[in-house]
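K.L.:
With the first letter of the sequence shown counted as 1, position 89 gets the number 94 in the working numbering; the numbers rise by one all the way through.
Misleading hints may appear alongside valid ones.
Below are the DSSO-like pairs computed for lysine-lysine, each with C-alpha atoms no more than 27 Å apart in a straight line [as the list claims (entries may be wrong)]:
# : residue 1 : residue 2
1 : Lys89     : Lys156
2 : Lys136    : Lys35
3 : Lys136    : Lys266
4 : Lys136    : Lys156
5 : Lys89     : Lys136
6 : Lys249    : Lys266
Because the hints were derived from the structure by calculation, they are not lab data.
No experiment lies behind these values; they were computed from the predicted model shown.
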Amino acid sequence: MPEGRVIRAYSNFCDVMVSGRVHRCTLRGKLRRQDVEVLTGDLVVVEIAADGTGTVREVLPRRSELYRPPIANVDTAIVVFTLKEPPVNFPLVDRLTVLAGRAGLDVVLCLNKADLCDPAEVEPVTRMYEKASYPMVVTSARTGEGLDRLKSFMEGRISVLAGQSGVGKSSLLNVLVPGWTRPTGEVSRKLQRGRHTTKWVELLEMPAGGFVADTPGFSRLELEGVDPASLAQDFPEMRDFAGKCRFPDCLHRCEPDCAVKAAVEAGDIPEGRYRSYLELLREAEEFHQRRYIR
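Model the full structure from these sequences, guided by the hints.
P.N.:
Take a look at the structure:
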């Protein structure tokens, strides 16, 4: 029986690509009884009937898995954000980099809607993330700026575009994947948030090979299960300094002789990234405390 890639997963069936052809498939009874969940991105063994429909006989082991959006076997997370329409939410951007890194994914930052920005507004953001060693691409779906470089990070891989609603993920996909169109949503003037335009997770085949996931937008992801004591290790620019603190269990907040705080004061760690760290640290501590209260 052939292997295929799940490109769309619904509640009771999924669409599987086998040798370039898509088959509508259901799960075999044994998998349903075992409550096996099939995710977009899964590699599966299928049995194809004469009419082209199929049955998923086996779900192969995953090399990575995300829970929001629910998708398997992703290689790269493209974290998309904008400076305007909607305004940038740096703690959300940094939360996404933390969760993607913990899932074992490569992280690429995509500052979209560059046509709405002055280059002087973009340069400080680029400089801030250079300290973290994240590749950053400045793009505009409207003008085509940066799209070739963005494609170079995605070709031959499974990528997911992650970011809050309204940052232009669907607009980017409309130009990255020829012949594919998804309605785009305007940004609410009152809330400065985008309207969701994607209802399910779907893999789109890239022209030069690989897949990219079109995913529902979201405005918040939580850090449940993240150990507060290890959070600094998820900020690449903090790792070297974190090992030089006076106390080995330093949380880099109010402890004396903290090398991380000294690096922030010296400009070696961007102050904006440090503020994001403190916000995420508080959130991780709240989850950690609630776990033991229960």
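K.L.:
Confirm or reject each hint.
P.N.:
To see whether the hints hold, each was checked on the structure:
1. Lys89 to Lys156: OK: Lys89 and Lys156 at ~23 Å, within 27 Å.
2. Lys136 to Lys35: violated (50 Å)
3. Lys136 to Lys266: The given pair, whose Cα atoms are some 15 Å apart, holds under the 27 Å limit.
4. Lys136 to Lys156: holds (23 Å)
5. Lys89 to Lys136: holds (23 Å)
6. Lys249 to Lys266: Measuring from Cα to Cα gives roughly 11 Å; hence the hint holds.
Checked against the numbered hints listed earlier, the structure breaks hint 2 alone; every other hint is satisfied.
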